[in-house]
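With the hints as extra help, turn the sequences into a complete structure.
From first to last, the protein sequence lines stand for chains A and B. For the first sequence, the numbering used here assigns the number 1 to the initial residue and increments by one for each residue that follows. For the second sequence, the numbering used here assigns the number 1 to the initial residue and increments by one for each residue that follows.
Please keep in mind that the hints were generated in silico from the structure rather than gathered at the bench. Keep in mind the model is a prediction, meaning the values are calculated, not measured. Any given hint could be a false lead.
[Stated by the list, open to error] Distance ranges between label pairs, derived from CB positions: (1) B:Ile530 x A:Lys390: 55 to 65 Å; (2) B:Glu56 x A:Asp83: 49 to 59 Å; (3) A:Leu253 x B:Glu422: 29 to 39 Å; (4) B:Ile530 x A:Glu269: 51 to 61 Å; (5) B:His27 x A:Asn195: 50 to 60 Å; (6) B:Ile530 x A:Thr147: 23 to 33 Å; (7) B:His27 x A:Glu79: 22 to 32 Å; (8) A:Leu253 x B:Glu532: 36 to 46 Å; (9) A:Phe249 x B:Glu532: 26 to 36 Å; (10) B:Thr450 x A:Glu269: 26 to 36 Å.
Ideal Cβ positions, reconstructed from N, Cα and C, are used throughout, including at glycine.
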Amino acid sequence: MFRIFSILILILLIKFSFSQIGFYYPYFPYEPDESTEWKWQVSAFANEASNSNAFTNEFFNTANKSKFLNKELINTQIENMNDFVLAGQIRNIGVGAKINSKKNKGNKYLYLGIEHRRYLDIYLDDDLIELLLLGNKPFAGETLKATDSKYYSIYFNQLKGGMGYRFGTSEAIRHLTWNLALNIGQNYDYIEVQNSTLYTDPDGDFLDVTASANTKLSDTVWAEVYQMNGLGLSADVEYSYTKPGDFHFDLNLKNLGFIFWNGDTFIGEIDTSFVFDGVGVDTTSSQSDNLPDDYSYKSLRRILFKDPESSSFTTGLPVSLRFSAGKYFASNQFYAGLNGTYYPFFNAKFMFEFFATWNYKNKLYLTPVVLYSSYAKVNYGLCLGVNIHKKVRIHVGSGYLNSMFNKNELLGKGGFVRLTFIN
Amino acid sequence: MNQNAKVVCFLFLIIVTFFGCQKERPHPSWNVDLLAPLLIDTVTIFDIISDTLIEENPDNSITFVFDKKLYEVNVDSLVMLPDTLFSWSFSLQYLPNPIPLEPGDTIIEEIFDWPLDFESFHIEGMELENAVIRSGEIIFEVLDQSESDLLCVFGINSAVRYEADTFMIAEKVPAGQNIDETYDFSEYRLDLRGSEGIEYNMLNYYLALIVHPDEQGTIYLNPADSFAINIYFENIVIDYAKGYFGQNSFNFGPELYDFSLFDDLEISGFSMKDATVFLRIENNYGVEGLFKIMELLAINSNTNETVPLQGEMVDSNLFIDRAVQTGNGFQIIEPFIQTYDFSNSNFTEMIEIMPDKFSYTIQIQSNIFGDSTNHDNFFYYDEPIRVFMEAEVTQGVKIEGMFIEKRETWNGEGVKLDNITEGHLILIFKNGFPFSFDMNLFLENETMETIDTLLYDAFITGAQPDADQKVEEPAETRISIVLTDNLKKSIKEAKYGYYELLFNSIDDEYVKIYSDYIMELKINGDFQFIIEQ
Numbered sequence: 001m002f003r004i005f006s007i008l009i010l011i012l013l014i015k016f017s018f019s020q021i022g023f024y025y026p027y028f029p030y031e032p033d034e035s036t037e038w039k040w041q042v043s044a045f046a047n048e049a050s051n052s053n054a055f056t057n058e059f060f061n062t063a064n065k066s067k068f069l070n071k072e073l074i075n076t077q078i079e080n081m082n083d084f085v086l087a088g089q090i091r092n093i094g095v096g097a098k099i100n101s102k103k104n105k106g107n108k109y110l111y112l113g114i115e116h117r118r119y120l121d122i123y124l125d126d127d128l129i130e131l132l133l134l135g136n137k138p139f140a141g142e143t144l145k146a147t148d149s150k151y152y153s154i155y156f157n158q159l160k161g162g163m164g165y166r167f168g169t170s171e172a173i174r175h176l177t178w179n180l181a182l183n184i185g186q187n188y189d190y191i192e193v194q195n196s197t198l199y200t201d202p203d204g205d206f207l208d209v210t211a212s213a214n215t216k217l218s219d220t221v222w223a224e225v226y227q228m229n230g231l232g233l234s235a236d237v238e239y240s241y242t243k244p245g246d247f248h249f250d251l252n253l254k255n256l257g258f259i260f261w262n263g264d265t266f267i268g269e270i271d272t273s274f275v276f277d278g279v280g281v282d283t284t285s286s287q288s289d290n291l292p293d294d295y296s297y298k299s300l301r302r303i304l305f306k307d308p309e310s311s312s313f314t315t316g317l318p319v320s321l322r323f324s325a326g327k328y329f330a331s332n333q334f335y336a337g338l339n340g341t342y343y344p345f346f347n348a349k350f351m352f353e354f355f356a357t358w359n360y361k362n363k364l365y366l367t368p369v370v371l372y373s374s375y376a377k378v379n380y381g382l383c384l385g386v387n388i389h390k391k392v393r394i395h396v397g398s399g400y401l402n403s404m405f406n407k408n409e410l411l412g413k414g415g416f417v418r419l420t421f422i423n
Numbered sequence: 001m002n003q004n005a006k007v008v009c010f011l012f013l014i015i016v017t018f019f020g021c022q023k024e025r026p027h028p029s030w031n032v033d034l035l036a037p038l039l040i041d042t043v044t045i046f047d048i049i050s051d052t053l054i055e056e057n058p059d060n061s062i063t064f065v066f067d068k069k070l071y072e073v074n075v076d077s078l079v080m081l082p083d084t085l086f087s088w089s090f091s092l093q094y095l096p097n098p099i100p101l102e103p104g105d106t107i108i109e110e111i112f113d114w115p116l117d118f119e120s121f122h123i124e125g126m127e128l129e130n131a132v133i134r135s136g137e138i139i140f141e142v143l144d145q146s147e148s149d150l151l152c153v154f155g156i157n158s159a160v161r162y163e164a165d166t167f168m169i170a171e172k173v174p175a176g177q178n179i180d181e182t183y184d185f186s187e188y189r190l191d192l193r194g195s196e197g198i199e200y201n202m203l204n205y206y207l208a209l210i211v212h213p214d215e216q217g218t219i220y221l222n223p224a225d226s227f228a229i230n231i232y233f234e235n236i237v238i239d240y241a242k243g244y245f246g247q248n249s250f251n252f253g254p255e256l257y258d259f260s261l262f263d264d265l266e267i268s269g270f271s272m273k274d275a276t277v278f279l280r281i282e283n284n285y286g287v288e289g290l291f292k293i294m295e296l297l298a299i300n301s302n303t304n305e306t307v308p309l310q311g312e313m314v315d316s317n318l319f320i321d322r323a324v325q326t327g328n329g330f331q332i333i334e335p336f337i338q339t340y341d342f343s344n345s346n347f348t349e350m351i352e353i354m355p356d357k358f359s360y361t362i363q364i365q366s367n368i369f370g371d372s373t374n375h376d377n378f379f380y381y382d383e384p385i386r387v388f389m390e391a392e393v394t395q396g397v398k399i400e401g402m403f404i405e406k407r408e409t410w411n412g413e414g415v416k417l418d419n420i421t422e423g424h425l426i427l428i429f430k431n432g433f434p435f436s437f438d439m440n441l442f443l444e445n446e447t448m449e450t451i452d453t454l455l456y457d458a459f460i461t462g463a464q465p466d467a468d469q470k471v472e473e474p475a476e477t478r479i480s481i482v483l484t485d486n487l488k489k490s491i492k493e494a495k496y497g498y499y500e501l502l503f504n505s506i507d508d509e510y511v512k513i514y515s516d517y518i519m520e521l522k523i524n525g526d527f528q529f530i531i532e533q
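What follows is the structure in structure tokens.
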């Protein structure tokens with residue numbers, strides 16, 4: 001029974017969010033009066049987005065704030081569910097500096113930066129979610145199935161260094177930038193449950209279990225952001241083509257690399273079928289061999305995955321391919337376009353963003369955006385850019401203004417902020 | 001601070017702020033309704049009744065097997081030594097003149113054989129060659145009717161202990177007085193064949209009367225002086241004896257003998273439909289004879305019920321042959337064992353009163369063939385004649401009020417019950433026995449004091465046998481216990497689980513028992529559990 005319970009609670013450790021806003025500010029990529037006569041630029045940024053096709057904002061917020069999920073909230077949540085639950089979160093925080101070339105100002109620059117990234121990607125069967133949230137008793141006499149459920153979480157820091165090139169003519173400006181990053185991994189959690197079933201006898205006399213699951217953890221404890229449980233390398237490449245006053249296009253490949261995890265790793269696998277009808281009474285030993293001391297993540301994991309390995313392993317990073325394209329109108333007074341991001345290794349694989357920016361005298365940029373993604377829902381919001389004396393740029397915005405303040409809406413919350421100083 | 005430095009500081013502040021937003025893994029909590037088995041235990045017939053009492057047959061049926069000692073023949077009654085070894089007196093009345101003697105001079109010194117006088121003690125035909133004394137004493141009386149102190153030395157040359165310790169004593173006898181001393185005589189090995197080694201019942205003695213060395217100067221023995229010496233056995237228990245024990249008839253009893261049908265089991269009533277009964281006599285004596293049961297009475301001293309054994313073999317002579325000494329150190333005796341069929345007796349009636357004692361009166365006639373063994377009769381104190389009852393109950397039994405109790409260690413410290421907000425423990429008894437049970441179940445602390453009562457006088461239904469007298473479907477009893485805060489606390493603190501079970505045959509009928517009968521005890525949890533991460 002406790003192995004079942006372990007599965008249940010282990011999966012409950014999932015949390016939910018998703019984001020799509022990258023380091024690159026896409027809503028007005030070309031500024032007509034942009035100068036190449038700068039010495040350096042320093043930019044700090046943070047963005048986060050959380051999404052789900054099933055969880056509501058209220059449910060997510062309550063869980064994320066470690067509060068109690070009451071029955072009403074759970075029941076409402078379950079009523080909103082589809083055949084599967086998709087949820088995710090992307091969070092990026094960082095600071096970077098561009099240092100202009102003295103000889104070839106504006107056309108060549110050095111980039112240095114430090115960034116923190118977190119990705120969460122979850123796919124759960126509805127049976128599994130209901131089991132997790134309600135317990136097995138409401139399903140006594142039924143067979144619950146979890147045919148394919150995955151939980152993926154990673155966070156790591158990056159020390160980045162790279163070069164940027166600007167070339168072309170005044171009619172067609174091209175940019176090519178590349179970065180190499182030293183990745184310092186903090187945490188990697190992966191759990192996959194496949195073709196697992198649970199049948200509860202109507203009187204609770206036995207549980208018939210088929211369990212197939214595997215897990216890989218970088219460390220058995222939740223690492224702090226300054227800790228190091230793995231090292232790796234990665235590269236970012238970005239190419240853009242801009243025809244001033246006409247259109248812009250760019251392509252960005254990010255996080256093409258890996259991390260080699262060598263902390264207190266945990267690799268486990270279970271593939272078993274059994275009927276559990278109670279723990280045998282053993283008078284010669286402590287009950288603790290059979291009953292968990294507690295129901296913590298660590299304890300349940302130990303029970304569920306027997307004979308785990310603790311060897312180093314390598315994982316790829318959550319690589320993303322992003323494109324952005326837009327058209328300038330009315331002498332650069334308007335810019336409208338489409339941003340798209342593709343995450344080949346995620347369950348929530350894509351996100352599209354339609355936008356239109358109004359440029360007020362190259363000092364103020366106002367951008368309504370409409371989002372559509374793998375979560376199969378439409379979100380919209382507003383972004384704002386401000387140029388102050390060509391020295392300071394402020395970009396803030398959110399694509400979730402329609403949902404993030406409504407607790408009953410499907411989870412969709414997030415936003416970005418970036419401050420840039422130019423000297 | 002210049003402008004550039006301010007910018008860098010500002011950005012650094014932002015980074016720190018952002019990084020500070022990195023949260024720990026969320027720890028939400030919520031209630032789930034769980035329904036699951038928790039503990040399971042299985043009770044078989046072998047957990048209830050000692051496997052020394054039951055045997056499993058090829059068809060899985062159970063035979064109750066009773067192999068109980070009914071009584072032992074008292075060895076002291078079979079072979080005894082006469083109380084008096086000898087009485088010896090010595091008078092100087094015919095002495096013409098006083099005789100002067102110096103301190104240390106010997107008045108008399110004798111080494112002589114002297115027989116044990118069995119016949120005076122009405123022990124007929126006893127011809128002992130060897131004996132070992134298990135316990136007992138020798139009483140040594142000396143009377144000195146002279147004017148000088150004497151040293152009286154007495155020994156039994158044919159009584160040796162620890163291979164080299166010959167029985168020898170020396171006592172001062174004051175002038176004109178008598179002494180009465182007692183000496184331990186245990187573990188002495190007696191050679192009763194006399195100094196020539198060809199006699200029976202004969203011990204070899206040493207006796208000396210000596211003027212006590214502490215006397216001052218010359219003393220005189222006068223015609224009026226006399227001496228007397230008496231040697232007695234007291235409380236002698238023989239550990240081993242060999243020889244010819246004679247043709248005798250011994251009557252034993254009536255004597256009471258404690259009896260327990262079910263060791264370590266309390267039971268109010270036990271009856272059986274039918275039984276095969278044998279009386280097994282195990283003769284460890286090197287003596288053949290006739291064994292006659294005059295009376296065997298089953299007694300329940302609580303109810304004062306008595307049932308005498310009745311059957312054709314009661315009051316009949318049963319021949320028992322002699323045992324043989326093997327010379328093997330591990331099994332020095334090969335007993336004669338004879339089994340007599342008492343199945344036609346009223347044994348089942350005797351057992352039905354649940355006797356706690358047996359009273360027996362028996363008669364044994366020894367050596368009915370005379371000295372057929374050529375003086376090779378023997379006995380060992382620890383190996384008497386034993387009488388056993390062997391009974392096999394293959395048919396149904398009726399059990400009434402059989403009580404068993406069991407205490408299991410329990411460690412509840414690791415059981416996380418705090419997270420259960422409300423619910424029940426459901427005790428499920430799947431009883432495959434044709435017995436009903438009354439059950440008490442307690443939780444106890446380390447000093448075995450009850451800290452909580454889970455069940456009291458709970459009735460557990462017995463399974464109903466089918467037409468073939470075999471149970472096919474167990475009877476199920478479910479008992480729900482509310483999981484209160486107090487009970488949760490008790491479960492965590494308990495060190496022992498203690499239960500009492502009172503068995504009764506279902507419908508008060510004879511029931512046949514099979515080894516594959518089990519009672520499954522299961523505890524299911526039906527509760528609301530708060531999940532906290």
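How the hints compare with the structure:
no. : hint                            : result
1   : B:Ile530 x A:Lys390: 55 to 65 Å : holds, 58 Å
2   : B:Glu56 x A:Asp83: 49 to 59 Å   : holds, 56 Å
3   : A:Leu253 x B:Glu422: 29 to 39 Å : violated, 55 Å
4   : B:Ile530 x A:Glu269: 51 to 61 Å : violated, 30 Å
5   : B:His27 x A:Asn195: 50 to 60 Å  : violated, 30 Å
6   : B:Ile530 x A:Thr147: 23 to 33 Å : holds, 29 Å
7   : B:His27 x A:Glu79: 22 to 32 Å   : holds, 25 Å
8   : A:Leu253 x B:Glu532: 36 to 46 Å : holds, 42 Å
9   : A:Phe249 x B:Glu532: 26 to 36 Å : violated, 51 Å
10  : B:Thr450 x A:Glu269: 26 to 36 Å : violated, 47 Å
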